[in-house]
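Participant: Letter by letter, the chains look like this.
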Amino acid sequence: MERLKSYAFVLPILLLAAIGPSVFEMFGLVQISNFATMALAVLGLAFVWGFLGVLSLGHAAFFGLGAYAYAITVINLNESSFAVMAAIAVPALFSVVLGYFLFFGRVSDVYLGVITLCVTLVLYNFTSATADPSYHIGAAPLGGFNGITAVPQLNWPGDAEQFLEVETTFRICLIVLALVYAALVALRRSSVGRIMVAVRESELRSELLGYDVRLYKMLGFSVSAAVAGLAGALFTAVNGYVGPSAFDLNQASQFLLWVIAGGLGGLAGPVIASFVFQYVSTYLGTSGVNTDLVFGAIIMLFVLLKVRERVPALWGRVLQFRRPARRVQAFTPSARAVESGE
Amino acid sequence: MTAILETRGLTRRFGGVVAVDQINLTVNEGELRCLIGPNGAGKSTLFKCLTHQLKPSSGEIRFNGRDLKGLAPHRIARMGVAIKNQIPSVYGGLSVRENIWLAARRTHYGRALDTTVAKALTEIGFETAERTAAKVDALSHAHRQWMELGMLLVSEPKLALLDEPTAGMTRDEMLKTVRIIQKLNQTSTIIVVEHDLEFISLLAKRVTVLHRGRVLVEDTMDKVAQNPAVRQIYLGSQWQPPTSVPVQ
Amino acid sequence: MDQTIVLLIAIANNIALLTLISLGLAIIFGMMRVINFAHGEFIMLGGYATVLSANHGINLWIAMLVVAPLTVGLIGFVVERLIIRPLYGQIITTMLATWGLSIFLIGAVTTIFGNTVLGVSAPLGNITIGVYSVSIYQLVLIAITAALVGACLFVLNRTRWGLIARGTVQNPTMASAIGIDPTRVYAMTFMAGAALSGLAGGLLAPLSGVIPQMGAAYIARAFVTVISGGSAMVIGTLSAAGILGPTVAILSYAATPVIGEAALLLLAIGLLRVLPRGISGLWQGGR
Amino acid sequence: MKLSRRKFLGSAAAGTAIAAAMAHSMPAIAGDTVAVGSLHDLTGSLDAFGVPSHMCMKFAIEEINAAGGLLGKKIDLKTYDGQSDIKKFPQYAQQAALNDKVVMLQGAITGASREATRPVLRRYKVPFVYGTIYEGGLCEDNAISVNTGSDQQAVPLLEWSFRNLGKKVFYIGADYNAPRNIGIWNNAIAKREGGETVGEEYYPLDVTDFSTAISKIQAAKPDFLHSCLVGGPHMSFYRQWAAAGMLKKIPIVSVVFGGGQEHMILTPEESDGVIAAYNYFQELDTPENKAFIKRFEASVGADHPYINGIAIGGYNGPMLWAEAVKKAGSFDRDDVMAALAQNIEWTGPGGKMILDGKTHSTQQDVRIIQVKNRVWSLLETKSQIPPYDFNGRCNLLENPKNVDILNPQV
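Going down the list, the protein sequences come from chains A, B, C and D. Numbered continuously in UniProt numbering, the first sequence closes out at residue 342. Numbered continuously in UniProt numbering, the second sequence closes out at residue 248. Numbered continuously in UniProt numbering, the third sequence closes out at residue 287. Numbered continuously in UniProt numbering, the fourth sequence closes out at residue 410.
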């Protein structure tokens with residue numbers, strides 16, 4: 001029973017996939033497809049941050065790498081199935097290299113955040129600086145700041161000419177979202193997932209029990225990268241466009257916002273939050289309000305109202321007032337010294 | 001008797017302070033060794049060096065004849081060295097059962113895993129489902145210590161390092177801990193750091209006294225208790241060994 | 001010869017600039033373990049304070065050196081009360097909250113002042129070195145930065161306030177036991193850090209485009225510098241700037257600016273791989 | 001989820017998916033109004049470009065409506081804020097096309113947002129009006145460019161510069177597509193005019209420290225500096241350039257200076273003497289422009305952002321499109337685009353404009369202007385510069401299928 005309950009969230013997603021095309025207009029379908037690809041990306045971050053305690057500020061890097069990998073592969077091979085695979089593989093491999101560097105170099109949490117952010121900015125600078133036509137991979141020009149445009153949509157596997165219809169793409173986006181959600185829940189419930197949570201709870205203890213903390217972190221990091229890459233591929237397929245903006249700070253901050261708002265430590269919450277915030281953001285763009293002002297305020301509000309780390313969900317708790325406890329004690333750089341001395 | 005643990009010239013410095021100074025220590029298989037010494041003698045630092053939580057500044061550690069140099073802490077754990085640190089390091093946000101499961105998981109699989117966990121829970125006195133489902137953060141100090149011992153039990157180490165397993169316990173609780181440790185000693189070699197002398201005399205056959213990072217003396221409890229230098233720095237000259245309490 | 005001098009000036013300028021834009025962040029991070037993502041916006045606010053007050057007839061030097069740090073220091077006071085204090089000790093949470101603040105401030109400034117504001121130009125003219133000419137203000141900026149670093153070191157190491165602050169950072173519990181209110185020390189520290197960022201913005205106003213988004217151009221470099229510097233706030237930041245600054249200057253000069261920019265980030269990542277605790281880790285020892 | 005679904009349900013009330021899919025290709029012209037979309041960056045880092053353009057576009061629609069509308073219908077302007085976030089552009093383009101059923105969409109100022117928007121509008125057959133100055137090369141049946149391509153500005157400006165300022169040019173630009181493209185023109189015209197490019201440098205958009213750039217330029221000793229630096233961080237260059245005393249020594253020419261209101265943000269000491277080339281500037285002393293400014297200020301007030309050569313595209317775009325609609329007698333994409341074959345002519349604030357059917361780009365006057373004390377003044381007018389046809393490669397009458405951005409081969 002409890003097991004079934006933890007998978008329950010796939011039901012509304014699948015229901016939406018089933019009835020969506022008969023309820024929404026075409027624009028609604030495209031928009032939900034878009035939202036779903038972003039929700040997929042945020043699942044990756046919610047997983048690695050919430051379950052493993054690894055805060056990657058550069059989640060957008062994997063999303064963008066996946067998006068570029070899809071665009072480049074599909075333009076060259078004319079077959080979206082390979083492109084989707086490439087979009088999963090490229091960020092995953094990249095995350096292994098980066099993860100080796102971060103986790104085996106014993107880089108601390110804060111620095112890990114900054115380094116992942118730097119990597120994202122390097123990718124942003126690099127892709128922005130590829131305007132010259134000499135930057136191309138096969139038939140795909142990298143396009144610099146303008147990005148790669150008119151990227152082919154998804155096609156039926158094996159038939160490059162047969163593009164999927166909007167309704168089918170919509171269903172695929174949601175079904176993939178549901179599947180990845182279920183897979184991550186399953187992973188969380190597996191032995192490996194339980195060890196990952198243990199690593200989040202106490203790295204030291206896990207290490208002393210003989211678990212190679214670095215390996216589990218790298219594994220989780222790669223899983224999140226692969227999920228983000230898949231999301232990047234679908235996003236590019238839906239929009240037909242990818243550019244350096246996939247790597248920008250704005251994108252990175254959105255992912256974080258959705259996880260905070262949805263509740264760190266859960267998976268369904270961030271997905272719901274991503275849908276809500278994307279809708280609000282789109283809505284604000286036609287309302288004449290300064291979106292920076294509103295979003296900045298929302299982020300601050302959510303963070304301040306978030307009672308503790310790992311509160312599973314914030315929904316319904318928004319009005320609960322936070323007591324400014326734990327003022328000083330948790331916080332001292334000398335805590336490390338205390339630990340290491342006798 | 002074969003030596004399971006040997007250190008040669010093991011040294012650890014913190015800046016100008018030498019916390020562990022040229023320690024040569026040999027512990028034989030199946031032994032239950034006590035480490036005593038005043039605060040700052042280097043006991044916890046020694047333990048942390050043995051498990052590579054701290055990197056030794058110099059010297060050699062051999063476990064089962066194998067040099068540990070350069071191994072990550074988890075590799076040493078996998079060789080069969082388990083430690084209970086002085087400050088409880090458990091998964092505070094997880095339940096008792098989950099904690100034990102995580103400790104057993106690396107060496108047990110399938111059904112054996114479940115039975116081992118269940119058995120260990122009984123041994124350390126967490127029988128009811130309610131208690132095993134409790135978050136560790138909510139446990140009393142003694143229960144948290146026992147749970148940590150339980151984690152050691154299920155990981156079936158060759159060598160267990162226990163840093164102050166009875167700190168803050170009542171006498172009854174201490175006696176229960178002694179039983180758990182004796183049980184553990186049936187299968188594992190143990191080194192235990194303690195201040196509670198009753199506890200030591202109940203358990204230990206051989207005692208090593210550390211002082212200012214060095215081995216002051218190593219002998220049986222009785223002999224150690226008679227040693228004037230030990231009495232001077234640690235026990236106080238009026239100290240008498242406690243009368244033994246029969247332990248079941 | 002003159003080329004060497006100019007290149008040396010460019011290098012000194014790069015070091016000074018990195019130091020200047022990082023000091024406020026470094027103080028706040030080093031003393032409070034608070035990663036202030038709104039740091040760039042504090043610089044921006046300093047720029048606005050300078051430009052707006054100069055446009056209202058206040059002497060430019062007063063606008064840069066007094067109005068800018070004062071204004072941003074006061075804003076820092078409010079921010080500390082409302083956002084930083086409730087989250088003390090939660091590094092990541094604070095970082096996210098200040099990220100929100102950063103976006104909010106951009107929106108607020110745009111809403112209030114619009115997206116363009118009349119700028120101020122650099123005072124003092126220029127000097128000629130061979131075929132080159134160099135702005136005197138830029139040289140003064142290097143001197144001011146050096147003076148600022150000296151002042152920070154002096155305040156932290158030689159004054160009563162610095163001692164109290166360092167003591168509180170080492171052990172807040174002990175500090176409160178001897179009658180110091182750590183909360184107040186943190187508030188003061190945050191204000192001081194904010195004021196320093198504001199001062200940086202003020203000093204940069206005559207040299208950069210003062211627009212609501214100007215912070216974004218500085219934030220990444222400031223972070224990289226502070227993190228590479230490690231826990232010794234002032235000296236660490238200075239030495240990080242001393243390594244990163246020349247690299248960027250020389251590579252931009254010899255190769256292309258893109259390579260210079262990329263090198264800054266890659267070098268910082270490399271540094272952290274070798275020295276996980278930053279450059280200060282070199283002389284601070286420990287595990 | 002609930003929130004978004006409610007909205008979607010509301011918007012979907014019209015009918016089934018199939019009906020909706022059919023409806024999207026039929027513009028909503030059944031009632032008394034037709035919808036037109038404005039998709040500009042109204043917030044975020046690019047709002048300095050987006051806000052004035054949007055204001056001008058809004059004013060154009062007001063004027064069209066005040067004059068009785070178009071084909072008897074009032075125009076309903078739908079505004080979308082791209083938020084300086086490129087991925088918003090295709091989304092809003094979809095919303096405009098599918099949900100709001102606009103018959104024309106104008107905006108997407110940056111090359112990146114344009115490239116993200118264009119394919120969406122093409123797919124849903126909504127004419128795309130591109131109102132800004134740009135690198136050139138837009139050659140697509142579904143799009144029209146009502147402002148200048150870079151060659152239309154850069155060629156006259158560089159010709160003028162090589163004749164009046166000297167033979168040695170140093171080119172400095174932001175590192176992205178448009179400045180790189182203009183760099184090609186820079187070198188081509190230098191060659192043609194017997195000049196020499198003594199240096200060429202591209203800076204990432206977020207660079208703020210230009211001390212090495214300035215010493216490089218000083219070492220190269222050009223007769224003039226051709227700048228294509230763009231955006232807020234790059235404004236630092238002009239300040240540092242002036243602070244080094246260079247503004248009075250080496251003149252700057254640019255086809256983008258002023259586009260981001262640089263001349264308003266910089267002080268006169270930092271900008272006086274910079275030479276630019278645009279088809280329009282607010283001070284332009286012609287009766288048409290005087291009247292335009294008067295009407296514009298009557299509508300939005302005198303306290304409006306400076307109307308530069310980019311912003312005016314916001315006004316010219318709807319006007320030229322309206323001329324085409326009138327000629328076609330229809331709002332249908334194919335009809336409107338077919339009407340372009342007859343070359344639409346219209347006189348706006350910047351003078352006569354001819355929208356060319358072959359390239360879907362616009363022939364217009366280009367003016368060499370110089371700034372002093374934040375005011376632009378005219379140096380020379382280059383009359384009726386035609387759009388570049390890329391050596392015949394851009395001919396939409398013969399090859400209507402082209403959608404690629406063409407690169408100059410000169």
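Derived by calculation from the structure, the hints in this document are not laboratory data. In this text, a Cβ means the ideal position worked out from N, Cα and C, and glycines have one as well. Check the hints yourself; a few may be wrong.
[What the hints assert, rightly or not] These stretches of chain C come out as covered by chain D in the derived footprint (C-beta under 8 angstroms, 3 or more residues):
no.: 1; segment: 1-10
no.: 2; segment: 125-134
no.: 3; segment: 146-158
no.: 4; segment: 214-225
no.: 5; segment: 245-254
Participant: Does each hint hold? Answer for all of them.
Facilitator: Here is what the structure says about each hint:
Check on the segment 1-10 of chain C: 5 of its residues sit with their Cβ under 8 angstroms from a Cβ of chain D, so the three-residue criterion for coverage holds. Residues of the segment 125-134 of chain C with a Cβ under 8 angstroms from some Cβ of chain D number 7, which satisfies the need for three, so the listed coverage holds. Here's how the segment 146-158 of chain C fares: 0 of its residues keep a CB closer than 8 angstroms to some CB of chain D, so the rule of at least three is not met and the hint is violated. Counting residues of the segment 214-225 of chain C whose C-beta lies closer than 8 angstroms to any C-beta of chain D gives 5; at least three are required, and the coverage claim holds.
Here the segment 245-254 of chain C counts 3 residues with a CB under 8 angstroms from a CB of chain D, which clears the bar of 3, and the coverage holds.
In terms of the numbered hints stated before, the structure departs from hint 3 and from no other.
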